[in-house]
Amino acid sequence: MTGAIAFKTPKPEILARRDTIISDLGGLLPTDCLIHEARELVPFETDAFLAYTRVPLAVCLPETTEQVARVLAYCHENGIPVVPRGAGTSLSGGAIGQEDAIILGLSRMNRILDIDLPNRAAVVQAGVTNIAISEAVKPEGFFYAPDPSSQLACTIGGNIGMNSGGAHCLKYGVTTNNLMGVKLVLTDGTVIELGGKALDAAGLDLLALVCGSEGQFGIITEATVRLLASPEGARPVLFGFPTSESAGACVTDIIAAGIIPVAIEFMDKPAIEICEAFAKAGYPLDAGALLIIEVEGSEDEMEAMLARIIAIAETHGVMAIRRCQSATEAALIWKGRKSAFGATGRIADYICMDGTVPLSQLSHVLKKTSEITDRYGLRVANVFHAGDGNMHPLILYNINDPEDAARAEEAGAEILKLCVDAGGCLTGEHGVGIEKRDLMRHQYGEADLRQQMAVRAAFDAEWMLNPSKVFPLEGRDD
Amino acid sequence: MTELLTPASEAEAADIIAGHAASGTPLALCGGNTRTGFGNPVAAAARLSSSALSGIVAYQPGEMVMTAKAGTPLAEIEAALAENGQFLAFEPMDHRGIMGTEGTPTIGGVFAANVSGPRRFALAGAARDHLLGSRFVNGRGEVIRAGGRVMKNVTGLDLSRLMAGSHGTLGFLTEVTFKVLPAPKAAATLIVSDLTEEDAVKLMAAAMALPLEVSGAAHLPYSVRAAFLGGALAGDAATCFRLEGLAESVSARLEKLSAYAGPFGPLTRLGDDETKVLWREIRDVAPYRDGTLRPLWRVSATPSEAAHIVGAMRLEAAVDAFYDWQGGLIWMRMDGAPEAESLREKLMKHGGGHATLMRAAPEVRALVPAFEPEDPAVAALSARIRQKLDPAGIFSPGKMQRQENAA
Ligand SMILES: Cc1cc2nc3c(=O)[nH]c(=O)nc-3n(C[C@H](O)[C@H](O)[C@H](O)COP(=O)(O)OP(=O)(O)OC[C@H]3O[C@@H](n4cnc5c(N)ncnc54)[C@H](O)[C@@H]3O)c2cc1C
Ligand SMILES: Cc1cc2nc3c(=O)[nH]c(=O)nc-3n(C[C@H](O)[C@H](O)[C@H](O)COP(=O)(O)OP(=O)(O)OC[C@H]3O[C@@H](n4cnc5c(N)ncnc54)[C@H](O)[C@@H]3O)c2cc1C
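Keeping their order, the protein sequence lines are chains W and L. Heads up: the first sequence at position 168 corresponds to 168 in the UniProt record's numbering, and the numbers run straight through without jumps. Heads up: the second sequence at position 221 corresponds to 221 in the UniProt record's numbering, and the numbers run straight through without jumps.
These aren't lab readings, by the way, just hints derived from the structure by calculation. A virtual CB, placed ideally from N, CA and C, is assigned to each residue, including glycine. Be careful, since some hints might not be right.
Using 27 Å as the maximum straight-line C-alpha spacing, the simulated DSSO-like pairs for lysine-lysine come out as follows [said to hold, decoys possible]:
| id | chain 1 | residue 1 | chain 2 | residue 2 |
| --- | --- | --- | --- | --- |
| 1 | W | 269 | W | 280 |
| 2 | W | 138 | L | 202 |
| 3 | L | 256 | L | 276 |
| 4 | W | 335 | W | 280 |
| 5 | W | 138 | W | 269 |
| 6 | W | 171 | L | 185 |
| 7 | W | 171 | W | 138 |
| 8 | W | 269 | W | 335 |
| 9 | W | 171 | L | 256 |
| 10 | W | 8 | W | 280 |
| 11 | W | 269 | W | 417 |
| 12 | W | 138 | W | 335 |
| 13 | L | 256 | L | 202 |
| 14 | L | 349 | W | 171 |
| 15 | L | 256 | W | 138 |
One side only, chain W facing chain L, incomplete, derived with CB under 8 Å [claimed, not checked]:
| id | residue |
| --- | --- |
| 16 | 46 |
| 17 | 115 |
| 18 | 117 |
| 19 | 200 |
| 20 | 230 |
| 21 | 243 |
| 22 | 252 |
| 23 | 255 |
If we strip away everything but chain W, and leave its shape as in the complex, we get:
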């Protein structure tokens, strides 16, 4: 890609001390917890925002909170920036490092510490994967609700960093609504605990602030998360509509009727074609858009709710309705959706946008989005969480053609501005990272941004934690 996103010039005085720093860090950690050889650093050069890479100074993979605290205290004393990293699945470049920074990865802290069913809580280390929590409590009839599509790989620490959401967040909320507490190591190595198994926090709600702070406030080493009883049953149903507009209008009417399914996923025609070619899920290729609507409950409850939903869909000219008769069929319907990113990656390079719009603006924004990509001569596929207005236009381009890449970046920025202008926001779940840093001024006024940056500085006065993310590089103050 063209590199429209600027990186700070690495500080020569840090680079010059590289060997000393590495040997000092070596003294703070068990031998195999420090990575510094060029070959071994390659996997840490980027995250899932592949267009940019930066080789970090070194990577620390501590195994305990105490080790994390030691490394942070050392970096704090020596003025070395630190970039926290979970699984590196960030789509906004949130976990990309820089040459004069160390990456502090939590992947070795991957133990589930306590499952407390009477209090519906689990205490886990930050490097535990999202799916591992649900897997661990499934036999007892519980689950952890936020389910990003990356849940096989992404860590709970990264989920908290990004306040991740997923397909089922319409009913269950996002990470912030399911997080009860964290153990957090501050920049200077101080360890604090926020929240816990009691419901409301004492004092200021710092947990709300930490959730979605994109690794700028401290390193999360442990989290207490809310577990929920699994529903009796769940059933996704596929609805094919003639156009994106009719599908969009159907979503609004379902919500207005007071029905909240657990998930409403949307795909437009290009997305249907891409996903069907990959997953062979039996998606209707003649439809202009499809919805996957999932309902939950007992057999009777699901039937009652579906009957209402179908009646609404019929008023919008629904062309195809596919109920699944078995768990295998249900899995297949979801497979197409959950593999949308991967499937798209097989046919082209793409950037995945992540704007959110008020539901009433969905149709308008979809239409404008294709006008924008047409104007840039690019293709777009839309696949997203329609129930909460979180759009994911996938802009297809050729990574080897610098002009094409630049066009894709520009079109993407225009689409995000469109979302903001429609009353929405720049990012619903992937975070600002480096990707949307310079668009922040489009959503926030000067005073708003300055206030946010001041609060950030309350945690990290010297801007040493994940320093060049989230906020525009210029105009920073405390």
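Using the hints provided, position chain L with the ligands relative to the given structure of chain W.
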């Protein structure tokens, strides 16, 4: 006598605040004054009220989002929602009964104090979970916009949720945007009688493990029973479970829950109307709307430890209590001294949590910190955050952290 300032616009509020910041004159922030006396004593000669900033700004039922000015009476919000079959799922409590105040609860006050009711422990979550965006005036007199009006938003820092529960110590809210939900079409309550407090806590936890979406779980011991439904609750102690949703779902779930709970004690069922009354009384802490200033604690506890905490307190003091949130919320009234240290020590020993002194005589409030004292590192961090929002320290100084403790 304190001066009462009631700006009619956000700009006017910003001017007043900028003026007070320049002279370093404290302001007590308030809405409708229904929580008069709550928190630590505030030394402020003037109160800044949002009462003249009133009205619903935007409401689209199909989007499940409402925007209202901070001083809008809660009653006005609830009426507009009811017209569209919607409601505030976190069911904010009305404090007037226990606090012995009059006044009009405002939506800004609800979020500033993060006021949530019985549904909080279930899917609904707390008031803060529903707050999507806000406008507020910071301590520099600048108008700040935070969050937005969409359900999912991770653009920058979540300053709105930070404002929730900050009790007027970080900024003066002028407008709030929040999520609203379809009101359940039907509701019912299953009551299991005569359980001990320990068994009730266990049964409540077990019920939450069933796929029945229980939306209320409270235990009302014998001592408080008469305060509910005009004394019509059957049996000695009542362990109450609320089910809500589509009529079909509620009746099916009620059957399943009855089958499960049957072996534990005699069962009674309440229909829609009685369910509404009962849970409003639980929400508003009916037993302690007693017109007294006897110390009343709101204890946020680890649910499974609730009965142990109350039991341990009873050995030391004259205590009356009942349980909401599956045990996670204990309302505890003391007959004599507030026993703050003893209560907080027991809480620490039993799984952690925190206790807030909701009401007490003024001379007691002057001595007992209303909020749980914080760990020093957390307190220092909170102080730094306050400093960033209110550099002159003019907003309700000492309310959450008593002056002598403040960093
Ligand atoms: C195929 C695919 C599908 C995806 N689908 C979704 C989706 O449906 N919903 C969604 O929300 N996201 C989705 N994502 C984005 C990504 O998976 C999430 O943002 C995820 O939460 C990142 O977790 P991670 O462990 O990979 O964190 P990383 O990418 O390593 O880090 C993410 C951010 O969190 C910070 N961080 C990580 N760990 C910690 C810690 N312990 N302490 C402090 N800060 C930390 C990092 O500094 C960084 O800013 C998807 C990504 C991919 C590649
Ligand atoms: C004559 C008089 C003297 C008083 N003297 C004292 C005293 O010395 N010490 C004392 O503690 N209290 C005193 N109070 C009570 C004080 O006003 C309340 O403690 C507080 O303001 C409660 O707010 P509220 O009743 O408006 O409740 P609500 O409107 O329900 O508000 C509840 C909470 O939210 C905050 N809040 C409300 N609206 C906003 C907003 N728009 N922006 C930001 N925060 C908001 C409040 O500060 C309060 O913490 C006095 C009241 C009166 C009438």
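Each hint tested on the structure:
no.: 1; hint: 269/W / 280/W; in the structure: 15 Å, holds
no.: 2; hint: 138/W / 202/L; in the structure: 21 Å, holds
no.: 3; hint: 256/L / 276/L; in the structure: 21 Å, holds
no.: 4; hint: 335/W / 280/W; in the structure: 9 Å, holds
no.: 5; hint: 138/W / 269/W; in the structure: 35 Å, violated
no.: 6; hint: 171/W / 185/L; in the structure: 17 Å, holds
no.: 7; hint: 171/W / 138/W; in the structure: 19 Å, holds
no.: 8; hint: 269/W / 335/W; in the structure: 17 Å, holds
no.: 9; hint: 171/W / 256/L; in the structure: 23 Å, holds
no.: 10; hint: 8/W / 280/W; in the structure: 45 Å, violated
no.: 11; hint: 269/W / 417/W; in the structure: 24 Å, holds
no.: 12; hint: 138/W / 335/W; in the structure: 20 Å, holds
no.: 13; hint: 256/L / 202/L; in the structure: 18 Å, holds
no.: 14; hint: 349/L / 171/W; in the structure: 35 Å, violated
no.: 15; hint: 256/L / 138/W; in the structure: 21 Å, holds
no.: 16; hint: 46; in the structure: 20 Å, violated
no.: 17; hint: 115; in the structure: 12 Å, violated
no.: 18; hint: 117; in the structure: 6 Å, holds
no.: 19; hint: 200; in the structure: 5 Å, holds
no.: 20; hint: 230; in the structure: 6 Å, holds
no.: 21; hint: 243; in the structure: 19 Å, violated
no.: 22; hint: 252; in the structure: 5 Å, holds
no.: 23; hint: 255; in the structure: 6 Å, holds
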